[in-house]
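Colleague: Each chain, written out:
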Amino acid sequence: MSQIFDRRPNSRHKSAVNRRRFLQRFKKQIKAAVANAVAKRSITDFEHGEKINIPTKDTHEPRFFHGEGGKRTIVLPGNKEFSRGDKIPKPESMTGEAGSKASNTGEGEDTFAFELSREEFMQIFFDDLELPRMLKKKLGREQSFTMVRSGYSKEGNPTNLNIPRSMRSALARRVALTNPLKKKIKKLEEEQEQTEDEAANAELAEKIVKLKHKVDRIPFIDPFDLRYNRKTPQPVPTTKAVVFCVMDVSGSMDETKKEMAKRFFILLYLFLKRNYETIELVFIRHHTSAKEVDEEEFFYSRETGGTVVSSALELMNDIINDRYPTNEWNIYGAQASDGDNWNNDSPRCGELLTHNIMPHVQYFAYVEILPRHHQSLWEEYEQVHKIYKNFAMQTLEKTGDIYPVFRELFKRQEVNAHE
Amino acid sequence: MNSQIIAKGYEWTMDDLHNLDQAIGTMAKEFKLDTFPNQIEIISAEQMMDAYSSVGMPIGYYHWSFGKQFLSVEKSYKRGLMGLAYELVINSNPCIAYLMEENTLTLQAIIIAHACYGHNSFFKCNYLFQTWTDPEGIIDYLVFAKKFIADCEETYGIEAVEELLDACHALKDYGVDRYKKPPKESLAQEKSRLASREEYLQTQVNDLWRTLPTKDKSEKKKEEARFPTEPEENILYFLEKHAPLLEPWEREIIRIVRKISQYFYPQRQTKIMNEGWATFWHYTLINEMYQRKMVDDTFMVEFLHSHTDVTFQVPFDHPAYNGINPYALGFNIYQDIRRICEDPTDEDKEWFPDLIGKNWIEAVDFAMRNYKDESFIAQYLSPKVIRELKLFAVLNNADVAELEVTDIHDEASYRNIRELLSQQYNISMTEPNIQVYSVDVRGDRSLTLQHVMKDDRPLEKENAEQIMRHLYRLWGFEVKLESINDKAEVTASYRCPVVEQEQKETETEDKDSCS
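Protein sequences appear in the order of chains A and B. When we follow the numbering used here, the leftmost residue of the first sequence carries the number 1, and every step to the right adds one. When we follow the numbering used here, the leftmost residue of the second sequence carries the number 1, and every step to the right adds one.
Hints listed in this document are in silico derivations from the structure and should not be mistaken for laboratory results. Treat the hints loosely; a few may be bogus.
[Unchecked claim] Taking lysine to any residue pairs in the SDA-like style, the calculated list, with each CA pair at most 25 Å apart, reads: (1) B:LYS78 x A:SER11; (2) A:LYS57 x A:GLY85; (3) B:LYS487 x B:GLU232; (4) A:LYS57 x B:ARG457; (5) A:LYS14 x B:GLU101; (6) B:LYS461 x A:ASN317; (7) A:LYS291 x A:HIS355; (8) B:LYS75 x A:LYS273; (9) B:LYS487 x A:GLY70; (10) B:LYS271 x B:LYS78; (11) B:LYS271 x B:PRO135; (12) B:LYS146 x B:CYS125; (13) B:LYS146 x A:GLU61; (14) A:LYS57 x B:LYS75; (15) A:LYS27 x B:LYS358; (16) B:LYS172 x A:SER11; (17) A:LYS57 x A:ASN10; (18) A:LYS273 x A:ASN317.
[Claimed, not checked] To be clear about the criterion: a stretch of chain A counts as covered by chain B if any three or more of its residues have a C-beta under 8 Å from a C-beta of chain B, and this derived list gives those stretches: (19) 2-11; (20) 59-65; (21) 74-84; (22) 112-118; (23) 239-250.
Using N, Cα and C, we set each Cβ at its ideal position, and we do this for glycine too.
The shape of chain A in the complex, shown without the other chains:
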């Protein structure tokens, strides 16, 4: 009567759509939480899930029930000391049905908490940056793999069927199964030749026919024989890269600008991470003089004063010469600034880039964040842009402007991939 099925191999994530619907509905809150997390996370330890809290009143589904008030008699179990007619002061929790809804998660009742997975977190981050779909998919993946042949397996899809192997095992099976029968037939045939008796002969002939039938019934090929090419994923071999993050930290760069700059650096890092085995980050901050710092200091310590951009470029040039020989390292530069610079310094910057830095780097991206108006630095960089195709520059008004800076870079990547 009963049937038992093992459903474990069946698809999981039956609720994936519902989950997505939920995330979609509370996008605003989730986005805010993600933005918050972006500010707190380190560039190199960026990709993981996030705990999100949403006010319960937003996720609440209303239904009619009784509120406090009126008369109500409740039957309870476990009476120990009460007698009929006893009066008990009202405990606070006894507020009708609302009381029984208290959360037992220890999270408090005011927020609905849940975990955003790494993929979901990254998707929302990318949405914010207005990345094209293809790219979102590419950057969202763990790591790129190619499928490499590695022996044979008994399971696979028809396109991977290995015919010689399958035929070989079919042959082996046929030999193994038919040989004993054939031996028997041979024996019977010999017996037949030796006997004179008609009846015995006929009996033997019948036996031989039966055995021959048996041999015939052994299939030429059987699902059991099939062999497939096994393919296993292997990480794409990559090389080394270094990213120079250069940022102006003079007084005019406020928190908002730095937040935006951080997204710019993150995006470049994420992109390069998919293409290189090891990536090093070099953080250079500058006002009138430049300094190599760690990430924490890069984003969060405050400085004031004027701006001399060339100091940073000089430092970058020195570091390249000292530590990153161009035959071993792919060098990327990313510079964020609000465009302020000491006017006399701008030509020096253009010169440094054109002659010293650009010949060595794969790509250099410059963003000007919320500039009041373009100044001499921008004009100077436009000259560099004319000479070098791999020099990108862009004004950022909102986070959605970040991606176009890299458009060329990503496009090139795609072309390479197709070749």
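Fit chain B to the supplied structure of chain A, relying on the hints for placement.
Modeller: For chain B alone, kept in the frame of chain A given last:
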């Protein structure tokens, strides 16, 4: 009888499950349990979470609230705050039961007895389920519903459908017929009727709102007859049939939500009975297996451990108290019926003269078939069970500063406690009684609902206000809800859209205060 041990150790194999099922099934037959065929499915914890979040439906339409459910289950499970239920069983034919792969052999045996023979026979035989649910058609209906709603999403946009479903979900407790008996309809009929129903529904609605030519006075009197003529308890049904502005697809979605709600309604009315019945049978069947030496002592120790956990009643003053445990109460009552049949005391002879000397199998079977929680408790809760659970009644009167203990487990109170506990499981008492009262057909088309208060208990305000917005979304014109106490006074009223009157009032007040 075969006295070979059929289950040993903790690990199980598919063969073990087959053997267990066969042994338990054979015994269940001997005890005259009438069941649907079983479809037992082994699933992983993750799949169980999926099953959970679709409110136990094997197939469901998509909605964010199910996602919310999933996220919260997933979170508590991952943190180890909550164990998943060992099983989930669906009222369908064949009866689908999910068993988690993590369960030990003993647990699987308990679940097979509990779900596949206990719940299963309850679904098949209890009168409420027989009257209200169609286990043959439910899966097909859910498939149909999912597809229909997906099609609507494609045509009208996910947001529009989601908004409608939000509104329907808020009212789903009021989407059931409590008294009327439904005609049974199979999926095929549903489908073939869908097209014609759309047109028909629309004509009906139009009919209601048709502007009639001017009529003489005698006719006018007739028109003033209230609509609906009788208050309507099934609010979703009323909206499906009579809301003036809804599109046919919107009416069909309302219908789907209320059909599903109606399908679960018997389960809401028989929590004690259903869980009690399943627990009673896993206890009886597994003990029988032990007596027939089909399982060993280790198995029994684990079984008793689990069984005691399930049927433990936490006392009211314990931090973990979360209401009366339906497993404990139900199990105790069935167990007591058996005891009264087999070994009655003088007290039982006075209380249950009909049960004395009866065949216990027939007695529990009768009790399972013909009752729902409220009547089951009113009929079978014995003084002995009241004493064992130490039940007592507390009166909470909002007008009095203290709570009063009105009844305890002694001679004078047994009947009161039985009556009170029975009412505690009467859904029409515990849920606010809200009905569609009237429609201003000739005027502004406003819809009025009435909440008939019981014991002066008001509605929870915030929720009521939110639901008014959903009602307004469905009705399309002004909606009002009035709470009426037993002296026919309106004690609270809600409306949507919120009328500016209040603002005007405050304005006039301001003026008053100025002058």
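Colleague: List in ascending order the numbers of the hints, as given earlier, that are violated by the structure.
Modeller: 2, 6, 8, 10, 12, 15, 16, 17, 23
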